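> The residues making up each chain are set out below.
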Amino acid sequence: MSDAILDRLQQRFPDDVLAVDTYRGDASASVRAERILDVARFLKDDPGLRFDMPIDVTAVDYIGQQPRFEIVYHLYSTTHHHRLRLKTRVPQDNATVPSVTPVWVGANWLERETWDMYGIRFTGHPDLRRIYLYEEFEGHPLRKDYPKEKRQPLIGPGSRRGASVGDEHPYAVDLPQTKVEGMLGSELMRVQLGPSHPATHGTVRIVADLDGETIVNADVQVGYLHRGFEKECESGFYYQAIPYTDRLNYSSAILCNTGYCLAVEKLFGIEAPPRCQFIRVIAGEIARMADHFLCVGATALELNAFTPFLYALQARELIWDLVDALCGGRVTSNYIRIGGVSADLPAGFADLARANIPKALAQLDDMERLLTENPIFRARMEGVGMLPASELIAYGVCGPLLRAAGVDLDLRRAQPYLVYDQVDFDVPLGSRGDNLDRYLVRVAELRQSARIIEQCLRMLPDGPVDSDDPAIRWPGKSRVFGRMEELIDQFKQVTEGCKPPPGEVYVGTESANGEIGYFLVSDGTGKPYKCRARTPSFSNTQPLAAMIKGRLLADLVPTFDMINMIGGECDR
Amino acid sequence: MATRTVSVRRPPPVRHGWLHSAGAILVGLRVTSRHFFRNLWGFIRRKPTVFTVQYPEQRLEFPNAFRGMPVLVQMDNGKERCVACGLCEWACPTDCITIFPAETEDEIERYPAVFDINMSRCMYCGLCEEACPEEAIVMSQNVEIAAFSRRGTLWHKQDLLVPVSKLEKRLQHMRRGYDR
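Those sequence lines, one after another, are chains A and B. Just so we're aligned: the first sequence equals residues 1 to 572 in the working numbering. Just so we're aligned: the second sequence equals residues 1 to 180 in the working numbering.
With the rest of the complex left out, here is chain A (with noise of 0.2 Å):
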């Protein structure tokens, strides 16, 4: 499939497509970078290819080489559910690429991205600001030659304190001062909403200009939580990344550490064995669960309806002693590893599970007699937060999200990893897209969790959870304590790292919010040399201005909480 892209691409674009390659099927292209704004047209606009959702764009810094920056697109098409990595090159001294953004609006934060991240400008991007890291900052951190340890002015020894952020402040957005019909028409008032807010369970600024109490315009601001998660992941070993991965998205943290292993194993091009995938879906779903019932909980909580939240924190925590059980950890749980798990399923697991579950649904069950048929909470989240599937997907969302505005789009079916393809599950889908189905869509996903999670307990193979290659995966300790050879690879292991062949592999796997997708490029070398995560927050919150545009105020509360943007995961 992936051939007959590229051959597509190739007849169209003889002389603009410079390479094309796939890898581990992956498919990809290299493309001129001035022409890349017709071939972005051309991929979305194909009856045969369609290529309507924009993954992610990000850059890779091949310092050293002409041209150094390489642009990279992941493109997905929601119709044929096939994938295409797009790649341009552009020199240090002109650094400069056309916008894809007239195709696909979602390209907007993540063009700002790689330019905060790696000086890169893109010419006809309609506001090419800093997006995670302010004004002030000097360099750009992603860049190689951008020391890890440099500090910056506004912080550590010397820092200009004190440094007002007011209206005045050159981050201060400028909103257009649009009029919208039928509404009061008077002097606008500008809100800031957060970052610190307890309405927003992230920290997230909004800054709105109202009308009355109708948002006329609003400026999403994320980045708060920003902590150089890639930066931090390319300058240690593959395994040292796991642990990071747990603190992208914290209520979910196992689904996290699944997909970035999936794409270390990816590179090697082996499977983790049959048992492992198992214990692997059973524990994915387990943390499906834990974040859906913190986003419905805490979308109450914000509705003013306590009771709802304390049953769903009550519900998490019964999830969580079995995600306890399994890694010792409740929130990061550090638990996959690159062609295996940290631990086989302690005894008694299914026991506890089967216990546990039920007493979690039975909570979902109080909760939503609580809150489905309440004229308050319904009158909070009905026909709140709408936009058409097609703006959605044109945004990158994904997601609970995307399915709630009826968009079949469940990586687990659609291109279905691990063993998805062998359990028995429904995707629930919404009909109208407002918060309401949002709402239902994570409800009914938290059942199919469950159902999941049975029929994995009872399908659960015996056998090795780990790899047996001892290039990839530690040796068992025993084996350690009384062997040399196991005892040196143990040293290599942890001094080296594994170290996958030379390549590039994208990996997208269904986090609870979406798709969650690792680009990793390796170099032969124990450390990844560029390793991107494509967070599902992201892309989500992206379109929460226009969701939002022209409602009021209150309006947004439901919008933000049913977007549940965790901030770890969206800032990186």
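Accuracy of the hints is not assured; some may be wrong.
Simulated restraints on C-beta separations [to be verified]:
#  : chain 1 : residue 1 : chain 2 : residue 2 : range
1  : A       : Asn94     : B       : Gly152    : 50 to 60 Å
2  : A       : Gly463    : B       : Asp95     : 54 to 64 Å
3  : B       : Gln172    : A       : Pro358    : 27 to 37 Å
4  : A       : Gln10     : B       : Thr98     : 52 to 62 Å
5  : B       : Arg9      : A       : Asn304    : 17 to 27 Å
6  : A       : Pro147    : B       : Val164    : 37 to 47 Å
7  : A       : Arg24     : B       : Arg9      : 39 to 49 Å
8  : B       : Arg15     : A       : Asp365    : 50 to 60 Å
9  : A       : His81     : B       : Arg151    : 31 to 41 Å
10 : A       : Asp21     : B       : Asp95     : 30 to 40 Å
11 : A       : Tyr146    : B       : Ile25     : 58 to 68 Å
12 : B       : Glu144    : A       : Asp365    : 32 to 42 Å
I should point out that these hints are in silico values taken from the structure, not numbers from a laboratory. The structure displayed is predicted, hence computed values, not measured ones. We put the CB at the ideal spot given by N, CA and C, even for glycine.
Go by the hints and put chain B onto chain A.
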């Protein structure tokens, strides 16, 4: 593939009027009062059904797999099992471990003269324990490590030593989990 798509059932439209609003309140009260009476009944029978744990008077028992702060295993002769090979230092993603090795005349001739863990950096990932070829550093069940100063979060070798008898649960888990 046995997956299928289903549409979520949207509840019927909300009906307005004071009678329906009162009904909604009663529905909510039914759920919450059921919880209330169940908890009350549990309290009367002295079998509490309340989920909350009154920490620190009550404490939960952690599972064997629990990862608390990393500690050093102290052998029966009072010495550490660590041979200062430095693998945990390598494996640690946050560089929170500092080791200076030294030598003695004992049977195990290498030992750490300095073994510090900066607990303000440690993120409890357990990679040090997985890397250790001697079962010398293990994740304990201790999580009460608050300190009044930054200096207090730096743990030295003498503070980190825990007798092997107190770590049996974790060692059992490791021997089961990390063996392949």
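> State for each hint whether it applies.
Going through the hints against the structure:
no. : hint                            : in the structure
1   : A/Asn94 - B/Gly152: 50 to 60 Å  : 53 Å, holds
2   : A/Gly463 - B/Asp95: 54 to 64 Å  : 37 Å, violated
3   : B/Gln172 - A/Pro358: 27 to 37 Å : 29 Å, holds
4   : A/Gln10 - B/Thr98: 52 to 62 Å   : 56 Å, holds
5   : B/Arg9 - A/Asn304: 17 to 27 Å   : 26 Å, holds
6   : A/Pro147 - B/Val164: 37 to 47 Å : 43 Å, holds
7   : A/Arg24 - B/Arg9: 39 to 49 Å    : 41 Å, holds
8   : B/Arg15 - A/Asp365: 50 to 60 Å  : 23 Å, violated
9   : A/His81 - B/Arg151: 31 to 41 Å  : 56 Å, violated
10  : A/Asp21 - B/Asp95: 30 to 40 Å   : 38 Å, holds
11  : A/Tyr146 - B/Ile25: 58 to 68 Å  : 59 Å, holds
12  : B/Glu144 - A/Asp365: 32 to 42 Å : 37 Å, holds
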